[in-house]
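**Q** Given these sequences and hints, build the entire structure.
Protein chains in written order, with the working numbering: chain A, 1 to 228; chain B, 1 to 228; chain C, 1 to 209; chain D, 1 to 209.
Derived from the structure by calculation, the hints contain no laboratory data.
Incorrect hints may appear among the rest.
Said to hold, decoys possible - Derived DSSO-like pairs: lysine-lysine, alpha-carbon spacing no greater than 27 Å straight-line: (1) A/K68 with D/K71; (2) A/K133 with B/K133; (3) D/K71 with D/K6; (4) C/K71 with B/K72.
This one's a predicted model, so the numbers in the text were calculated from it and none came from an experiment.
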Amino acid sequence: MDKVMASAAAAVADVGSGSTVMVSGFGPPGQPEALVTALLESGATDLTIINNNAGAGGVAISALFAAKRVRKVVCSFPKAIESTIFDDLYRAGELELELVPQGTLAERIRAGSAGIPAFYTPTGYGTQLAEGKETMVIDGRPCVLERALRADVALIRAHRADPSGNLVYRKTARNFGPIMAGAATTTVAEVGGIVALGALDPEHVVTPGALVHRIVVGADTGPTTGAV
Amino acid sequence: MDKVMASAAAAVADVGSGSTVMVSGFGPPGQPEALVTALLESGATDLTIINNNAGAGGVAISALFAAKRVRKVVCSFPKAIESTIFDDLYRAGELELELVPQGTLAERIRAGSAGIPAFYTPTGYGTQLAEGKETMVIDGRPCVLERALRADVALIRAHRADPSGNLVYRKTARNFGPIMAGAATTTVAEVGGIVALGALDPEHVVTPGALVHRIVVGADTGPTTGAV
Amino acid sequence: MTWNRKQIAARVAQDIPDGAYVNLGIGIPTMVADHVPAGRELVLHTENGMLGMGRAAAADEVDVDLINAGKVYVVEEPGASYFHHADSFALIRGGHLSYCVMGAYQVGQNGDLANWRTDDDDVIPGVGGAMDLAVGARHVFVAMDLFSRSGVCKIVPTCTYPLTAPGCVERVYTDWGVFRPLGDHVEIVELADGVDAAELRARGGGVFG
Amino acid sequence: MTWNRKQIAARVAQDIPDGAYVNLGIGIPTMVADHVPAGRELVLHTENGMLGMGRAAAADEVDVDLINAGKVYVVEEPGASYFHHADSFALIRGGHLSYCVMGAYQVGQNGDLANWRTDDDDVIPGVGGAMDLAVGARHVFVAMDLFSRSGVCKIVPTCTYPLTAPGCVERVYTDWGVFRPLGDHVEIVELADGVDAAELRARGGGVFG
Numbered sequence: 001m002d003k004v005m006a007s008a009a010a011a012v013a014d015v016g017s018g019s020t021v022m023v024s025g026f027g028p029p030g031q032p033e034a035l036v037t038a039l040l041e042s043g044a045t046d047l048t049i050i051n052n053n054a055g056a057g058g059v060a061i062s063a064l065f066a067a068k069r070v071r072k073v074v075c076s077f078p079k080a081i082e083s084t085i086f087d088d089l090y091r092a093g094e095l096e097l098e099l100v101p102q103g104t105l106a107e108r109i110r111a112g113s114a115g116i117p118a119f120y121t122p123t124g125y126g127t128q129l130a131e132g133k134e135t136m137v138i139d140g141r142p143c144v145l146e147r148a149l150r151a152d153v154a155l156i157r158a159h160r161a162d163p164s165g166n167l168v169y170r171k172t173a174r175n176f177g178p179i180m181a182g183a184a185t186t187t188v189a190e191v192g193g194i195v196a197l198g199a200l201d202p203e204h205v206v207t208p209g210a211l212v213h214r215i216v217v218g219a220d221t222g223p224t225t226g227a228v
Numbered sequence: 001m002d003k004v005m006a007s008a009a010a011a012v013a014d015v016g017s018g019s020t021v022m023v024s025g026f027g028p029p030g031q032p033e034a035l036v037t038a039l040l041e042s043g044a045t046d047l048t049i050i051n052n053n054a055g056a057g058g059v060a061i062s063a064l065f066a067a068k069r070v071r072k073v074v075c076s077f078p079k080a081i082e083s084t085i086f087d088d089l090y091r092a093g094e095l096e097l098e099l100v101p102q103g104t105l106a107e108r109i110r111a112g113s114a115g116i117p118a119f120y121t122p123t124g125y126g127t128q129l130a131e132g133k134e135t136m137v138i139d140g141r142p143c144v145l146e147r148a149l150r151a152d153v154a155l156i157r158a159h160r161a162d163p164s165g166n167l168v169y170r171k172t173a174r175n176f177g178p179i180m181a182g183a184a185t186t187t188v189a190e191v192g193g194i195v196a197l198g199a200l201d202p203e204h205v206v207t208p209g210a211l212v213h214r215i216v217v218g219a220d221t222g223p224t225t226g227a228v
Numbered sequence: 001m002t003w004n005r006k007q008i009a010a011r012v013a014q015d016i017p018d019g020a021y022v023n024l025g026i027g028i029p030t031m032v033a034d035h036v037p038a039g040r041e042l043v044l045h046t047e048n049g050m051l052g053m054g055r056a057a058a059a060d061e062v063d064v065d066l067i068n069a070g071k072v073y074v075v076e077e078p079g080a081s082y083f084h085h086a087d088s089f090a091l092i093r094g095g096h097l098s099y100c101v102m103g104a105y106q107v108g109q110n111g112d113l114a115n116w117r118t119d120d121d122d123v124i125p126g127v128g129g130a131m132d133l134a135v136g137a138r139h140v141f142v143a144m145d146l147f148s149r150s151g152v153c154k155i156v157p158t159c160t161y162p163l164t165a166p167g168c169v170e171r172v173y174t175d176w177g178v179f180r181p182l183g184d185h186v187e188i189v190e191l192a193d194g195v196d197a198a199e200l201r202a203r204g205g206g207v208f209g
Numbered sequence: 001m002t003w004n005r006k007q008i009a010a011r012v013a014q015d016i017p018d019g020a021y022v023n024l025g026i027g028i029p030t031m032v033a034d035h036v037p038a039g040r041e042l043v044l045h046t047e048n049g050m051l052g053m054g055r056a057a058a059a060d061e062v063d064v065d066l067i068n069a070g071k072v073y074v075v076e077e078p079g080a081s082y083f084h085h086a087d088s089f090a091l092i093r094g095g096h097l098s099y100c101v102m103g104a105y106q107v108g109q110n111g112d113l114a115n116w117r118t119d120d121d122d123v124i125p126g127v128g129g130a131m132d133l134a135v136g137a138r139h140v141f142v143a144m145d146l147f148s149r150s151g152v153c154k155i156v157p158t159c160t161y162p163l164t165a166p167g168c169v170e171r172v173y174t175d176w177g178v179f180r181p182l183g184d185h186v187e188i189v190e191l192a193d194g195v196d197a198a199e200l201r202a203r204g205g206g207v208f209g
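**A** Structure, rendered in structure tokens:
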């Protein structure tokens with residue numbers, strides 16, 4: 001089984017306009033720059049982007065916003081110190097924003113991959129962000145019902161892959177990659193390098209290959225610690 | 001921070017009668033034999049045990065059942081080919097059984113550690129095991145509401161620990177350990193050996209030390225693969 | 001001539017495509033792994049936390065920490081990975097396994113599956129991961145003998161045993177042939193050579209039309 | 001004399017016991033790490049997937065894949081670990097962090113916390129992990145200047161800004177001293193040397209009794 005594709009362009013060629021796209025990353029670490037650049041170049045538009053920072057920290061994703069390819073953003077923190085692209089579009093009414101507490105965002109994505117359609121959390125109860133949501137008091141604690149998030153495609157970044165899609169990550173670049181893997185119909189992983197099947201220690205694999213459909217080689221960010 | 005205790009007896013000394021106790025393991029791999037033996041020797045009784053197999057595969061946990069220390073079992077598969085202890089007690093009406101589908105059991109335990117008080121799952125809908133439970137149709141799929149499981153103490157088995165409680169596991173002995181860690185007021189890890197702080201690669205730690213309160217050295221089951 | 005257990009397993013294996021992620025239950029389903037056609041690669045999942053499970057371990061290969069869900073010592077395939085129980089069932093429930101193959105006590109003509117307890121109250125019930133697999137795997141296959149030891153057809157108009165999951169079974173592979181539950185009846189996909197379709201219909205309580 | 005930011009951070013650090021797992025927000029909270037009393041060890045958590053976070057990285061120590069939640073390059077402490085975002089917030093929500101220290105726009109006398117948006121609709125709202133930390137950490141401390149730039153007391157009878165979480169704040173560490181929300185009023189735990197309690201009460205809108 002070899003899931004490695006020749007180019008980022010080929011890996012995102014079937015992402016149509018109107019798609020919902022998960023993009024990993026928290027700040028610069030974990031941004032799949034080559035994949036998002038390819039998505040921009042593909043011309044796909046009217047996209048819904050699920051990403052913690054609405055582009056802060058990622059050069060390519062900011063360009064996607066600037067090119068007005070994004071209709072809606074689901075994120076926890078759209079503010080970017082270094083950029084006013086999001087702010088300008090939002091104020092102009094050209095972007096819809098669904099603001100989600102960061103832990104709820106992560107858990108909703110994890111639920112999407114794990115086949116859990118909804119869960120209760122105390123986070124957000126009694127706040128603006130829970131308005132209109134179902135609530136239940138569980139063991140004396142008021143909670144909010146939150147739905148799983150799924151996407152058409154998840155673009156994630158990892159450190160190394162084997163050809164079957166087993167992934168390992170690097171430091172805080174791990175962030176949303178392992179939970180977005182499998183939360184979309186198609187999961188595409190951009191990695192710093194490919195290793196042979198069997199070269200990853202089965203104990204150290206973070207994302208098993210069953211969750212990854214396509215692999216693309218992008219820039220390498222640094223050395224591997226310990227065994228690969 | 002050094003969480004290593006002198007003995008298994010000391011690590012379970014405060015587990016009182018009437019406690020709810022999670023015990024890791026699926027078949028023999030992952031059974032914390034030294035801890036369960038110490039629990040038996042402590043004399044604690046009237047226990048509720050949360051364990052996938054109700055003792056199948058673990059010598060010590062079977063002895064706990066045989067000594068009539070268990071009032072209730074929460075598990076997915078109480079049948080043991082090699083033992084009739086559970087069967088005899090159950091038929092005699094001396095044991096209460098809460099049967100839970102294995103994936104729901106794992107997710108309820110994970111929810112207990114993750115602060116998710118309840119979740120919906122399609123598993124079990126329309127079956128005996130969902131009778132009396134709340135249901136909801138989500139995106140056209142009927143689901144059952146399941147509650148988080150928590151315990152007074154979790155007795156888990158890992159391969160190596162550092163003194164701060166970071167854990168790595170070994171092959172399929174990982175099973176319930178990482179999700180029971182943190183799903184109880186007190187988490188006690190039995191390991192095959194202690195390594196120095198800093199000796200575990202931060203990328204390879206499976207259970208971070210924040211989820212582990214006490215460490216005990218038990219038998220070693222085999223060598224470590226890759227970096228420690 | 002009805003098919004033997006190996007032939008049933010081989011027939012299942014024919015219908016699982018290259019690159020599939022597969023969970024195999026105990027009994028005939030386990031034997032599917034030994035009959036994968038040449039050139040096809042399946043990746044095996046075991047509920048207790050592994051993808052890339054290999055064959056049963058020889059005596060000198062046994063690792064006490066490496067078993068499958070049937071508690072049999074196994075070996076690793078290249079590209080294997082280990083994960084905890086919640087992640088293992090996230091793979092199942094999240095639809096990331098293409099196929100699971102299970103045994104059954106009864107299959108309804110509507111695809112209902114009953115494979116975790118009978119009506120014998122003397123048997124201690126145990127469900128394991130059957131309910132999760134039945135709702136989670138993208139394709140649920142059953143492999144079993146068509147008739148019970150007492151000669152009763154196990155594909156039934158309506159399951160009388162407690163359900164594992166409603167309407168989940170896509171195909172049933174048996175010693176008599178391959179069947180597909182369609183709701184109001186069961187389609188005969190293929191019969192074992194020399195099996196008598198009339199006898200099948202007569203013994204099938206009307207489910208085969 | 002009111003306390004400066006370093007003194008506020010040092011006062012917070014005094015109240016966090018040895019062995020605590022701690023999440024520190026941006027601003028004064030971050031400075032708590034630099035004022036831990038000798039002989040005490042705190043393990044720092046950062047939302048973006050790390051326990052055992054160390055200090056800010058020197059120029060020659062920067063690793064492009066290692067930042068904290070404030071997007072500052074940091075280093076690893078011995079015993080560190082990395083995990084994904086859902087596991088990171090499982091630590092928070094599951095009550096496995098002993099303390100979190102955050103800034104605030106307003107704290108209610110009932111412990112309500114408002115620190116993610118004001119009533120200025122021109123500012124794009126962003127919540128980050130504040131709501132998760134406020135309901136999840138076992139002890140929620142706020143560290144801030146007591147008065148806004150325009151001189152308005154930020155400990156208030158009732159929060160007028162949108163809430164982050166109701167009733168979660170245990171203590172408030174400020175340039176004027178340390179305070180404890182008790183519901184119908186706020187207890188003065190300690191005042192900075194030479195601060196005038198009468199002036200504090202006069203400017204506090206009744207919350208300090």
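**Q** All the hints need checking, so say for each whether the structure fits it.
**A** So, going through the hints one by one against the coordinates:
1. A/K68 with D/K71: holds, 26 Å
2. A/K133 with B/K133: Measuring from Cα to Cα gives roughly 21 Å; hence the hint holds.
3. D/K71 with D/K6: Answer holds: D/K71 to D/K6 is near 21 Å, not above 27 Å.
4. C/K71 with B/K72: holds, 24 Å
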